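Asks: Given next are the chains, with one letter for each unit.
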Amino acid sequence: MIVLEHVNKVYDNGFHALKDINLEFKKGEISVLIGPSGCGKSTTMKLINALNTPSSGKVLIDGKDISKMNPVELRRNIGYVIQSVGLFPHMNISKNAAVVPRLKKWDKERTEQKVNELLDMVGLDHTIYGTRYPSELSGGQQQRVGVVRALAAEPDIILMDEPFSALDPISREQLQDELIRLQQELNKTIIFVTHDMDEAIKIADTIVLMKDGEVVQTGKPDSILRHPANDFVRDFIGSKRLQNENESTYEIPLVDEVMITNPVTAFPSRGLAEAIKMMEMKRVDSLLIVDRNKQLQGAVSIYRVLDQYGEEGKTVADVMHPVRFSVASGSTLPQAIEIMDSHQLSNLPVIDSNNRFLGLITRGSVVKHLAEVYPTIAPPELSGEGE
Amino acid sequence: MESEHLTFSDFLSYISRNKDMLWEFFTQHITMVVIGLGLAVIIGVPLGILCSKNKWAAKIILFITNILQVVPSLAMLVILMLWLGLGTTTVMVGLFLYSLNPITRNTYVGLQQVDASYLESGKGIGMSPFQLLINVRFPLSLTYIMSGLRIAAVIAIGVVTIAPLVGGGGLGREIYAGLNSNNSLRIFAGAIPAAVLAIVADVVLGILQRKMDLSKRKSGGAVTAPAKPQKTA
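Chains A and B supply the protein sequences, listed in that same order. Numbering (the UniProt record's numbering) for the first sequence: 1 to 387. Numbering (the UniProt record's numbering) for the second sequence: 1 to 233.
Excised from the complex, chain A in its bound form (with noise of 0.2 Å):
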């Protein structure tokens, strides 16, 4: 278990950094750190492997004080992921991997015995990948090495600043769930910082929101989208997260709130072949078209675009069939689900006065609402447990 006891932090300058902070990370958990840029998350992060000294107060892990041990040792027992990744790009996959290893003097055979485990875990096979360099792997591959690195001397504290902020919005997601499930076989003490709100609800087991350096609450998801402690909370949660918090204010939803804002789309002249390859790599099994304007022209589905796909010269435009149904930004979610009932409809297209595409409402988006307006119908277990 870390904790922070009366922890202040003055810059030289008279920057007030962080403010009396007390705080308790509990031993297995995902302990997830956020808040606005500047808030001193990540300056809360670094007093616990010494990269930052508190200016008064104690830092204790395992009830030591950490203040009185050697800085250098202390950082080799305690993993540590960065956004920069700052993988070393001298090193090959596996000489980086073992880095820390290799500084607490392990020996040959054990270190690559647990840098090639740990590679496999996280989907890099080490007899592919172990003799490659940084510079050949792409940036989601190269934070699964980081983390491989942090873990390798099997530390039991981990911190991760920012880890997969830099990341495409897919190996984000992929990282996050690899963490997950890792974070279950591996059960170690994470302390997280993000400033993305749908990362720390996924992942944390406590979330400790900050704000100018202070800590505005601490507490279990669950309990800061049900009960935020302040304005600022609520604004930091967004409104969308937080339409459960009050049941007498609750409102019929309109499709505006429901409807997934970024579809796959295509414009009416992109060729078969790319068609399928967007579904392919969106994993749907439909396209809508739409043009410069916005405007929707129609849907392909995927037995459509293989139907014609031998003839070469053709677009989507010319295998799209027109849709028929669509729903009027601000029209509410009964409305919807209703059309969509009795057509026997998989999605519904939401589109505003001037004909223009806004969003789609799916099944699964209606499956999502519900999830979030009553969270508490879904266990948060069962969600972690996807994939």
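Think of the hints as simulated: they come from the structure by calculation, not from any bench. Values in this document were obtained by computation on a predicted structure and should not be read as measured data. Beta carbons are placed, not taken as given, at the ideal position from N, Cα and C, and that holds for glycine. Heads up, a few of these hints could be off.
[Unchecked claim] Some chain B residues close to chain A (C-beta under 8 Å, calculated; not the full set):
hint, residue
1, K19
2, Q131
3, V136
4, L214
[To be verified] In silico EDC-like cross-links for lysine to aspartate or glutamate, where the CA-CA straight-line distance does not exceed 16 Å:
hint, chain 1, residue 1, chain 2, residue 2
5, B, K218, A, E136
6, A, K46, B, D115
7, B, K216, B, D115
8, B, K216, A, E136
Based on the hints, put chain B in the right spot on chain A.
Replies: Showing chain B alone in chain A's frame:
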């Protein structure tokens, strides 16, 4: 002038007749350069590291090495001669002082340019400052240090031709002998190898410099050629 009637075959025959002597000058030439540069590396690299540790040290050290390099080569050697006397030692010390600036400066710049994220991650995972220097900063500055060495080498090979003026050997001796006896063959026999040596040093060290750019290191061999990820599991 007689020299206008000289042909290339005259030149070749002069060289083959005097090849033992020329070879000796050539090896003297290289020896002086290598020792002067070697000293400059041994002293200059640590000085560069010192510069990177302390801003004031950097200012002072770079100021002094800079002045050393600005002094005209002949003046430098003559001043050293007053102190060290005639001979090869004077030349080597001069070369050392001359090469100090590019090597120190490039070591310093090389260490400074290492990306902060490598330093943060190195420090964060528990490297001591010394381990950080040896394992991260130094390897990632090698290409800069090499480029300093390359500049120094080219300068040194040029400067060393005036070694005979302070009692040193090398190809310069052949050049001055040629000048004194108005013998173009001897001038060429000294000047051409010296020029070739400078060009070869520049090219070879340039290749080394590029090889040592570890910041974009790639694994050799066919493994990398297909960038496709073969793994899906």
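Asks: Which hints from the list above does the structure break, by number from lowest to highest?
Replies: Numbers 1 and 6 - these are the hints that the structure violates, sorted from lowest upward.
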